Amino acid sequence: MNGLDFSIVVQAWPYLWSGLLFSLSLTAAAFLVGMFLGTLFALVQHFELRILSQLVRSYVALMRSIPLILVLFWFFFLVPVILGHLSGNGRPIPVGATYTAFITFGLFEAAYYSEIIRVGLRAVNKGQFEACQALALSTFDTYHHVVLPQVFRVASPIILSQTIILFQDTSLVYVLSLTDLLGAASKLAQLNGRLVEMYLAVAVVYLAISSTASQFVASLRKKYAIAGARR
Amino acid sequence: MQQERTVSPADPFPMVVVEHLVKQFGSFNALSDINLKVAKGEKIVLCGPSGSGKSTLIRCINHIEKHDSGRIVVDGIELTDRMRDINTIRCEVGMVFQSFNLFPHLSVAENCMLAPMKVRGLAQSEARDRAMVLLRKVRIHDQAKKYPAQLSGGQQQRVAIARALCMQPKIMLFDEPTSALDPEMVKEVLETIVDLAQDGMTMVCVTHEMGFAREVADRVVFMDRGSIVEEGDPSTFFRAPNTERARAFLNQIIH
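As you go down the protein sequences, you meet chains A and B in turn.
Taking the numbering used here, the leading residue of the first sequence gets 1, the next gets one more, and so forth.
Taking the numbering used here, the leading residue of the second sequence gets 1001, the next gets one more, and so forth.
It should be emphasised that the hints constitute simulated quantities derived from the structure, not laboratory data.
There's no promise every hint is true.
Each computed EDC-like pair below joins lysine to aspartate or glutamate, with the alpha-carbon atoms no more than 16 Å apart [as the list claims (entries may be wrong)]: (1) A:Lys-126 / B:Glu-1065; (2) B:Lys-1137 / B:Glu-1188; (3) B:Lys-1040 / B:Asp-1199; (4) B:Lys-1170 / B:Glu-1092; (5) B:Lys-1066 / A:Asp-141; (6) B:Lys-1066 / B:Asp-1085; (7) B:Lys-1040 / B:Glu-1065; (8) B:Lys-1066 / B:Glu-1019; (9) B:Lys-1118 / A:Asp-141.
Since the structure is predicted, the reported quantities are computational estimates derived from the model, not experimental observations.
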């Protein structure tokens, strides 16, 4: 190999860009779905709703104990079979790789986010709940305006760290033959043989995005420190 | 300061009636057979050694602690398990906690506006106006935009008083409002409560500040081991308590 030629990366940029967009949109969607479900799951456990909370606990434990890549396989192969059975004729109904990826990531991340939020809920001072009771605030208003805003504030650094991991994990969609940033680079590298340049380039992109996000986390942490946690 | 006695324990329409109240924590009797009437406008100071049940008693009045048996009637409404009754009573009963319990993520003004908007249904502008009036009353309106952590303990407790007042309660409960404060901040908070007392607010205050009790209390209620042991007007109580337990307690807090 005689010298690195990054012009190949510039030429490949539109394809890499589309891969990056897929990675980012998968991250964003999984974040939104995961946070919504995760908050719900955490609240179910927090309120100790009988059967529901047991179910959620098992779900979270299951998701957290198996590799994401296995969950992706499951959904890809199992869900069509289940859907087929449900529809009655027994023939598998394919869900498609893209849907599989979005649904799996959302459901998988929900388990992780719910653990973070559950711990955050436990960290809210008992006095906050008592103050809400004394002011006759409803349970909904208590959680909506007092408890959850504090949980998100305290947990935001951990939530964002988890989201950075999620962003990196999106590269696993290659097992479904989907093309994310790394997948795009990998495919091009196979074609043009410029493995070093391609992998270096995507590494720089991952580094730039992840470290920017980390900086953001750090600045949030600082801001939170000023706002003060003295209760 | 001489208090004019406009109320008597025989008031036919007391603000709070507590009858045969019992509260247990497991096998521990936190309150056993408590009977107490608070007349409209009356100021009661509750004192007693730690663990005597004074905090538990006032926390039962707004159902932060659920009582096991007995009756609690606040302004004619009996406290039952029904959420409607509980909330009606909580709207009329303001509470100030030892550790302030301000909402750290909300500004001083927002702390005062939240419940009036969500519970009383005030518009934001009305809630803000009311908050500013009451923050001015506790002399802290110039800090309205700050967050609780940026204030001193005394300032935070005054905000907590304003927050409770924003619900326009008919009675105020104070649970050791100055115990968590540095000594130099106790005075500003007590002065605020004295002002409130002079406005005619009905109040029950758990405190060991004897000077304060002398100045504002119509009645001092002394509790020990979950029972009311002695009650009387402050000058008599502090000068010549009837019971040995009260004497022992007063000896310990007045060095």
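Under the constraints set out in the numbered hints, which ones does this structure not fulfil?
Hints 5, 7 contradicted; others consistent.
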